[in-house]
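Student: We have chain A; now place chain B onto it with these hints.
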Amino acid sequence: MIPVGFDYERPQTVDAAIALLAEHGDGATVLAGGHSLLPVMKLRLAAPEIVIDIGRLAELNYIRVDGDEVAIGAATRYRDLVISDVLAAECALLPAVARTVGDPQVRHRGTLGGAIAHADPAGDLPAAVLALDGTVVLRSPRGERKVPITEFYTGVFSSVKEPDELVVEIRVPRTGATGWAYEKFTRRSNDWAIVAVAVATMPDGATHLGLVNMGGTPLRASATEAALAEGKSIEEAAALAAEGTEPPTDSHGTPEYRNHLVTVLAKRALKTASA
Amino acid sequence: MSILGTRVVRTEDPVFLTRGATYTDDLTDERLTGALHLTLVRSPIAHATITSIDVDAAKDAPGVVAVFTGADCDLAPMLGFPAAHKAMLRPFLAVDRVRYVGEAVAAVLTEEAYQGEDAAELVDVDYEPLDVVVDMKEALKDEVLLFPEAGTNLVSGMHLNKEGRPEDFFADCEVVVSKEIVNQRVAAAPLETRAATAFWGEDGRCTLFLSTQNAQAARDEVAGWMGIEPSQLHVILPDVGGGFGAKIGADPEFALVGWLSKKVGRPVRWNESRSENMTGMVQGRGQVQTITIGGDRDGTVKAYSLEVVADAGAYPRLGVALPMFTRMMAPGTYDIPKVWSTASVVATNTTSTAAYRGAGRPEATQAIERAMDLFADAIDMDPAELRKRNVVRPEKFPFTTKGGAEYDTGEYAKAIDLALKAADYDGLRAEQKRRREAGDPLQLGIGVSSYVEITGGGAFVENATVQVHEDGTVTVLTGTSPHGQGHATAWAMLASEQLGIDVDKITVKHGDTDLIPKGAGTMGSRSLQTGGIAVHHAAIDLVELAKQRAADVLEANVEDLVVADGSVQVKGTGAAVSLAELAGREELKAFHEWDAKKPTFPFGAHVALVEVDVESGKATVERIWAVDDAGPILNPLIFDGQRHGGIAQGIAQAMLEEVMWDEEGQPLTGTFADYGIPSAAELPSFDLVTMETPTTINTLGYKGIGEAGTIGSCPAVHNAVIDAVSHLGVEHIDMPLTPMRVWAAISEAAK
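Quick note, the sequences are listed as chains A and B, same order.
For the first sequence, position 4 matches number 3 in numbering that gives the first Met the number 0, and the numbering has no gaps at all.
For the second sequence, position 497 matches number 496 in numbering that gives the first Met the number 0, and the numbering has no gaps at all.
Rather than coming from a laboratory, the hints here were simulated on the basis of the structure.
Have a look at the derived ranges for each label pair, beta carbon to beta carbon: (1) A:R187 to B:E730: 22 to 30 Å; (2) B:T689 to A:A46: 52 to 60 Å; (3) B:K750 to A:D6: 58 to 66 Å.
Sample of chain B residues facing chain A (criterion: CB under 8 Å; computed from the structure): (4) S272; (5) R273; (6) E614; (7) L667; (8) A680; (9) P738; (10) M739.
No more than 16 Å apart at the CA atoms, straight line, and that leaves these computed lysine to aspartate or glutamate pairs for EDC-like: (11) B:K517 to B:D219; (12) A:K41 to B:E116; (13) A:K41 to B:E120; (14) A:K270 to A:E235; (15) B:K301 to B:D334; (16) B:K395 to B:D334.
For clarity, every value in this text was computed on a predicted model and none was experimentally measured.
Even glycine gets a Cβ: it sits at the ideal position worked out from N, Cα and C.
Looking at chain A on its own, in the form it has when it is part of the complex:
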């Protein structure tokens, strides 16, 4: 439970952090809240040469309305999402999802950007941002680029983010205070989801569903969304929630069970969101 030796840097600016990333490339790992990174380092499943700590960079810690979107700094903690008045009014799904992550200690350390970058298919926030059709803002010495989250993930713990790129911001549409739901299914209160379903009602009225732990990446329930768009009932649409998914097998669930569970959770989430 002691990590392999590593160097540690705590740059004072985002630019300095990016310069370090460019210098060290694949050998570097970014530390924000540390609640995903440090356990795998202690188990020696990860052994970065250098850890670049961005957790205290004030310039990455904000939540503000920006045009049609809410812009959230990558180092914003779950706790800050939970208590944000801006999000409560402008995109209430996010704080509701953040509230289900881990326990209070975890929520005071873990960050939105960390969750997005970590690309854990069992993570809560990636599926929520996916349901919202959010955008991931990446910065590198080559400049800044905006990647729709629908194009961000490539597999388990992997994304299109280059080694010298830093997730600096997450942008989500202003979906308002209502029309959302998050159904997270766990055995224990602070476990990762066996399956979870996030529902968002978009500004154009469309209903989106983001699925947790139903494949190698967070997924959208496309068949369900299409059925709803065609005016099908919640029950009919929810029954299609497993279409196109490839859920994993572990001690908590077989693919067969997850395929069933996702329909139950989708039905409940849709009912809550439309209530």
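Tutor: Just chain B now, with coordinates in the frame of chain A:
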């Protein structure tokens, strides 16, 4: 007014809750200056021959002082349980074969703790994988042998019933029900993992600081493994952060730490990580049971059969003994005319098994309580009613069961009635009926358990010394050392009651084998009825001694003297001499060894209410009403605390916990992210109902409460979840009752 029976706040807690306890790894004893840190290289493979070990790179790593392998270790391989097959020996470091993931293969000693893991990674071990057997019933086939020299995986035939079950055993029964059920492997997972620290003095003695439940037994066991006299070993227990049975006695690593310290001539410290603990520490339960119950449609149970296969893990430990308790307690609280049982203990490529809260008795209770529900279901009778019809009647005590136990005292039907009344059982059944008729996705389940268990079994003798000092303070020495139970408070109360000296002035000492050479430790809920009673009698002996001495000082007859408020007083005169003053004249101390000669049999009944989401399969424990009768209550605060922890662990086994391996013997539950340790959020509030039926085997009537909650709650919750879905055709689901299993059972029943 007597202090006994009052809610004295635990004197241990201010330190535990503020500065924190001092565990073995926290020690700053100056004799440990310069201690080396032990890191063990552990096998990542469940079954393999070791073809070579290269330690050269590790020896060159920073901070490394020495690296040892099995070839270097001259400790004779140990037999972890006397009645186990004599060929099933365990080396302290594996020599040519490993038999489970986590087995120690090499020992790395470094100047600093952090250097150990880096160096351990450089130990290059070549393994030639062998076939693996994880499943108990597969292991019984002897197709894959852990110890080819033994020729069998059967660890012990000591529990085999030499007389087969008669063919007509169930012939007179109108209804017979049989089921194979699993009592799954669970991990004790104490918050303080295992630890040992050793140094050798100039007198040639070894001092070992250990985290264990019984210092004296650990001393004897470790001395035997090290090949030295017990008198050459001084075992000291710092605070011990939980054990739950898994810290009974000694672990092989303890002897290795002592041996290494001798070998390198420096103190050695070892404190395992959580990951090591999840494979290295002994685990509990692990039985496959075939239960068969027969009787008549009027609710008379006539015959019960229990066949057990118990998992010893790779190397036999205390787990080999536990089916004895399972068989002994097989009939539970019931007066069943015919009871037959047998058990086999088998070796598998998994972590060794030993005691875990209840240790053999919960397995018996789970089996008979599932059997009673299966039978009730088969004859369409209310399960509570069936139980009340078949329990041992109060007038039959002391009652010798068909399991061979002599139950001391009990009122089993009364306990069931109290639990049913507290739960408003009829009201719950009415609400259950309403939800069933409405087709509610949230169905209610109501589970009942009736239980009896053994406490203070096996180790009946315990000793205590009570000494009053000239400053008026008191020291109590006890042979039973706590690891969270509250002995310091409880023993002080017992001494205070006799001496009239406030508990704040009474210090309880334990867990130092030089100070207290004899003692049997804390396990099997034995402490109060053995160690506590010894304190009670030692205090009485001291009072008598003080009276004898005061008679001279006060020039009075002994018969006219009473001890109150810390002094010996002449009745009706006001003349008095304090115990402190008497202690100033001459050492005032009494030693008492108490032999209970017998165990006691606490009992009770639990009612659990669960809600099952039949769409997802998720079951939630909503309420639990518990009647736990362990005789008179010495301290309700501690008593209820034991029940809380026990109930939590029983619910956790029913709902959450299971140690798992894949077919290759790789652990799947190696961290707390994977293993289902419960938190408060998974548990309901507990409704505790008081009932106090004294035992006849000691003067204070005390029985043990440490394990009762676990034994009662687990079957009640298990039965409740199955009850919630029984109307859908489900008869049984094995523990833990995961959402997937419940959903699968509902789906299967619907086919």
